[in-house]
Amino acid sequence: MRTVCLPLIAILALVPRAVLAQSGPPPPADASQANPAERPTVKTSWIGTVDFGVRGTSANGDAARYERYRDLGDGLFADRVRLSRDRSGWLLGVTADHAGRRDQRYLFEADRPGRFTTWFLWDQIPMLLSSTTRTLFSGVGSGTLEIPDALQAAVQANPAAIAPVVSQFSIQFDTRTQRRIAEGGFRYLPTTALTVEGKVRHTNRDGEIAYGGSFGHSSTVELPAPTEHQLTDADAGAEFVRDPVLLRAGYVGSFFHNDVTALAFDNPFRAVDSAAASARGRVSLAPSSSFNGINGLASVKLPRRSRASAYVSAGVLTDAGDPIMPQTINSVLRTAPLDRQAVEGKARTTGVNLTFVSRPTRSVDVTAGYRQYDYDNRTPAFAMTERVSYDNAVTVLDAPVHTEAFSVTRHTLDGDVKFAPRRGISTGVGFTRLVEDRTHRIFEATTDNTVRVIFDAAGNPWFTVRTKYEHGQRRGAGIDEGERELAAIGEQPGMRHFDIASRDRDRVTILGSATPFASLGINASIAVGKDDYLESEFGLRDNTHRVYAAGINATPTDRVVVGGSYSFERYHALSRSRQANPGAQFADPSRNWATDATDGAHSLMLNAEVARIAGKIDLRLLYDFSRARARYDYIAGPVADRTLPEEVVVPTTLPPPLALPPTRSELQRATLDATYPLAARLSLGVSYWYEQYRVNDFTLDVDANPDLARGQALLMGYLYRPYSANTTWLRLIYRW
Amino acid sequence: MPVFRHDSSTRTGSRADVGELCHVGTALASHPRMPTRTAGFPACLLAALIVFTGSMLASVAAAPDGGGAPRGSSRRTTADAPPPARAAPTPQTNDYAGEDTCLVCHENRAYTTTRHALAAIARSPAATRGCESCHGPGKAHAESGGDTSLIVNPARLPPQRASEICASCHDRRTHALWQGSQHDSRNVGCVSCHSQHAPKGAKQIKAESQITLCATCHRDKIAKLDRSGHMPVREGKMECATCHNPHGATNVRLLRKGDSIAELCTSCHADKRGPYLWEHAPSRDGCVTCHDPHGSSNERMLVSKPPILCQRCHVSTRHPSTIYDAALVGAGATPSIRIYARSCVTCHAAIHGSNHPSGQRFIR
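So the sequences go chain by chain: U and E.
Take the first sequence: its letters are residues 1 to 736, numbered as in this note's numbering.
Take the second sequence: its letters are residues 737 to 1100, numbered as in this note's numbering.
Simulated from the structure, these hints should not be mistaken for laboratory data.
Accuracy of the hints is not assured; some may be wrong.
Calculated lysine-lysine pairs in the DSSO-like style (CA-CA distance at most 27 Å, straight line) [stated by the list, open to error]:
1. 939/E <-> 993/E
2. 936/E <-> 616/U
3. 346/U <-> 993/E
4. 1008/E <-> 957/E
5. 301/U <-> 993/E
6. 199/U <-> 993/E
7. 942/E <-> 993/E
8. 468/U <-> 957/E
9. 616/U <-> 1008/E
10. 346/U <-> 199/U
11. 939/E <-> 957/E
12. 1008/E <-> 993/E
13. 993/E <-> 957/E
14. 199/U <-> 1008/E
15. 1008/E <-> 346/U
16. 957/E <-> 936/E
17. 939/E <-> 199/U
18. 942/E <-> 957/E
19. 530/U <-> 468/U
20. 957/E <-> 530/U
21. 468/U <-> 942/E
Looking from chain U toward chain E, a few residues come up when the C-beta cut is under 8 Å (computed) [said to hold, decoys possible]:
22. 56
23. 58
24. 60
25. 214
26. 286
27. 343
28. 578
29. 579
30. 595
31. 630
32. 632
Ideal placement from N, C-alpha and C gives every residue a C-beta, glycine not left out.
Let the sequences and hints guide you as you build the complete structure.
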């Protein structure tokens, strides 16, 4: 534990004696967590709390994962600053969290109730992926990653030299990105019927992420790709309400700029370009783009507790007009002419949403709705006449390959009718029809019909039950053309993309809670379901889920609160394939195999709060436990009960696959918070966090990735690694 | 978070200026200068016309929610009675006991630290009928010594009826689409999640955080926050309402922004939205085809582990249809980069789309 004691002593010494000398009732442990009704109501002067002190963190193992989205560094901290003031009819609020840290957040609000509100937010969200990654490249963070020529030459001359070169010359760097968000906005009510509001939000994200920059199947490279993103969102709108009508109009703008849209990088395995291997590679990164949209909403109240609403939106997404990069950076290869010089990416979106809700009597509830969403991709087709793979070689295509601008139109029709035969009891039926039209997919039209039945018992103080059963059938049209397209690209014609494949779905959810006493609450839920992709000879065949959860909360005395919950999830998926090379194997059913994937998780959460122990100490304990396991079992040959009627079932000729080891991840978290009032306005607090993470993963753990350089692969060393960590706070909580 | 306070002097003034203006129809009806006796047919008709016109004009002009009728129900103030929505029969002003009377017995139920206590907000309880804005006229309840059948208690009403009380004011902006929304239609009401008198968290929710509150019903989603891959929710940098509007939305699944799942996701992950020269169809159709936004045990919140995830759709010849068994994993006898480390996306890095002229297979 690296807890620093001297700063704490200094802080305690700085606490004014006058504060310590004050007397009065002890304050809540943390005013921001306290019941608002207990907050002080000092008029016209600043009130609030500040939480400050020292903190120490100790971690064994993967400290980066412990601090992935937060900064728990050692030293002084100032946290949970909450200040507010009522000044001349203005309510002013200042909030600060994690001041001075990578995850700091500040919010200023000024509110003239019922008239005008404005705010400014500054928020930082770190994402620390690894602090142990290493690379041979210099120029990390830029659009050009380089390796000294001498090292490239050494490895080109002797590929086995990559391991010692990496060991000697690679440098450590943190794989991380950081979001910095600045947001300002206002809301103005010129009249009680009209609200005008606007907001501008700018997000800067920079850092590095792991990215693939391979030079072929036998020369795979992982890169620290730069992330230099600027995203500006602008929202504006006006809402007018005069009974019975509500009208709203809005504008949405989103402007994304990537400072680095192309990344060039050296080949660690080669120093000199050749017609078959490049000394450099180049990839395209995320394109800059902008979206402009308008929307409107009209809603009218009708007699009999009815309401009709209509929403429309229209938008245009365009790229920034950046030029298309040349086919290759390899100086030896000729550069094939491009079909055009810019992407000219453009898509139009439209949305329509009509709803009608009515409760003509207390026992009848009717809801009907129609939704349409259209993503109309108008990016012109681009003809690729020659392909350059991995910057290594030019392949002249027999016929041009054209890009496919995917578009989708969704029409959804919803209807529900509920009856309430008795107070608090309702039962109902509903129907949804979803029709989707797509371009460039194997099913260009799918229709999904779903019926559901619900039964709810709610509205009494003792228990609630909510149940739902739904059955859905999705069917596609036009698969003949889709199968021809699949065959043309070397895919099995019997393969179906599971997100659009024909499917039968059954789902049941039951959710219940009971409050037998005011001091005791119990809840439980069950969710089970199955998706059967009944026409998929290959691809995902079925998918099931089972989720069980239960929880309890009790308040045995007015000073004690305890609770706990447990859930178990189990997901199962079966997908089928055929291991084949072109030729006879392609149609050989004896080469069929399947993956039986099972993913389960146990989760336990416990909490306890005890107030005024020995008359003064408030204590809070939390414990979370989560264990997830997954198995991926290979099955060579046909799968019983999962073959289609038209399938030819033959014994397998594949060698028996070696079973993959199961994966496991386990997270335990325990926190303890205790506060002791020193004076009316000052409390002393101690917090302790403990986390332990355990993981076994055949793709990303240390055993699977013992070295950065293995054969013709060069990685950065981003891994799943276990850790155990703890953090201790010693804090003072001061209240104005 | 500002602490909102109840300024009694302001409230009193606002009541006279705004609150009574809201109920001007009722006020005019009992105004001392209005005719109280039959003064012949023309005078009676004229008086009625004045009262009606005044009532309508005042309702439209002064009630921003359009609710000209006062909140509060008639004498049928039993627990089973309709909530005091604007459509309820017009109560008489002398049915109200006044907030001071309520606080004699219900001092601990005061709402003085909430926005309801801000009289400057024309539609707030402080600016209108105080406690009786939500609980209905309480005079009979008070005079009976606390007969609970003579007062409306939203906590004991069926959820949808209780919500009608709240929605008589909270019917704008983020609440405008409440009626008929997923929660409303499943009998989850305002008071299921919010507490006016004993809140524990921001926005007067019944728990200290949204995670705790939403976990009451959506326990499986909250459990996923503890998986290896997750959004920064448990770290406090996001919350459920960052993506969802539980009060109703124009998007599917109560998503707060956009008109599709992909539009919601790309409102933050704009680098994935393209439009690209070479598109990966499922990423355009919906991010949740491959990702679980609530968390997963797999890297990048993928719903399954590559290459097995990718092999759910890619069964073509050669390496996409290979069985990557234990011999090929990183610790195996013949390790293959196609299953360990980044697996498929080691080479197919531009998996969301590519602008490279040879980007058909998302390698560049």
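Going through the hints against the structure:
Distance hint between residue 939/E and residue 993/E is fulfilled; the C-alpha atoms sit about 20 Å from each other, no more than 27 Å. As the CA atoms of residue 936/E and residue 616/U are separated by approximately 21 Å, the hinted pair is consistent with the 27 Å bound. At most 27 Å may separate the alpha-carbon atoms for a hinted pair to count; residue 346/U and residue 993/E meet this at roughly 21 Å. For the suggested pair residue 1008/E and residue 957/E, the alpha carbons sit about 24 Å apart, so the restraint of at most 27 Å is met.
Between residue 301/U and residue 993/E, the direct Cα distance comes to roughly 24 Å. Compliance with the 27 Å bound is thereby established for this hinted pair. Taking the CA atoms of residue 199/U and residue 993/E, the gap is about 14 Å. The hint holds against a cut of 27 Å. Distance hint between residue 942/E and residue 993/E is fulfilled; the C-alpha atoms sit about 25 Å from each other, no more than 27 Å. Between the alpha carbons of residue 468/U and residue 957/E the distance comes to roughly 18 Å, so the proposed pair stays at or under 27 Å and holds.
For the suggested pair residue 616/U and residue 1008/E, the alpha carbons sit about 53 Å apart, so the restraint of at most 27 Å is broken. For the given pair, residue 346/U sits about 25 Å from residue 199/U by alpha-carbon distance, which is consistent with the 27 Å threshold. As the CA atoms of residue 939/E and residue 957/E are separated by approximately 21 Å, the hinted pair is consistent with the 27 Å bound. With a C-alpha separation of about 16 Å, the suggested pair residue 1008/E and residue 993/E falls inside the 27 Å cut-off, and the hint holds.
Proposed proximity of residue 993/E and residue 957/E is supported: the alpha carbons are some 20 Å apart, at most 27 Å. With a C-alpha separation of about 23 Å, the suggested pair residue 199/U and residue 1008/E falls inside the 27 Å cut-off, and the hint holds. Simply put, residue 1008/E and residue 346/U have alpha-carbon atoms about 14 Å apart, close enough for the 27 Å limit, and the pair holds. Restraint check for residue 957/E and residue 936/E: satisfied, since their Cα atoms lie roughly 22 Å apart, inside the 27 Å limit.
A distance of roughly 20 Å separates the Cα atoms of residue 939/E and residue 199/U; the hinted pair therefore holds under the 27 Å criterion. Restraint check: the Cα-Cα separation between residue 942/E and residue 957/E comes to about 19 Å, which is no more than 27 Å; the hinted pair holds. Restraint check for residue 530/U and residue 468/U: satisfied, since their Cα atoms lie roughly 14 Å apart, inside the 27 Å limit. Taking the CA atoms of residue 957/E and residue 530/U, the gap is near 18 Å; set against the 27 Å cutoff, the hint holds.
For the hint linking residue 468/U to residue 942/E, the alpha-carbon distance of about 25 Å falls within 27 Å, and the restraint holds. For residue 56/U, the suggested interface contact is broken, since its CB lies about 19 Å from the closest CB of chain E, more than 8 Å. Among the interface hints, the one on residue 58/U is violated; its C-beta lies about 19 Å from the nearest C-beta in chain E, farther than the 8 Å criterion. Proximity of residue 60/U to chain E is violated relative to the hint, the smallest CB-CB distance being about 18 Å (cut-off 8 Å).
Hint on residue 214/U holds. Least Cβ distance to chain E is approximately 4 Å, under the 8 Å limit. At about 3 Å, the closest approach between the beta carbon of residue 286/U and any beta carbon in chain E falls short of 8 Å, and the interface hint on this residue holds. Among the interface hints, the one on residue 343/U holds; its C-beta lies about 5 Å from the nearest C-beta in chain E, closer than the 8 Å criterion. Taking 8 Å as the C-beta contact cut-off toward chain E, the hint placing residue 578/U at the interface holds, the least distance being around 6 Å.
Checking residue 579/U against chain E: minimum C-beta separation of about 5 Å stays under 8 Å; hint holds. For residue 595/U, the interface hint holds, since its Cβ comes within 8 Å of a Cβ in chain E; the closest pair sits about 5 Å apart. Restraint check, residue 630/U versus chain E: the minimum CB separation of about 6 Å is within 8 Å; hint holds. For the restraint placing residue 632/U at the interface with chain E, the shortest Cβ-Cβ distance is roughly 6 Å, inside the 8 Å limit, so the hint holds.
Against the hints set out earlier in the document, violations occur for numbers 9, 22, 23, 24.
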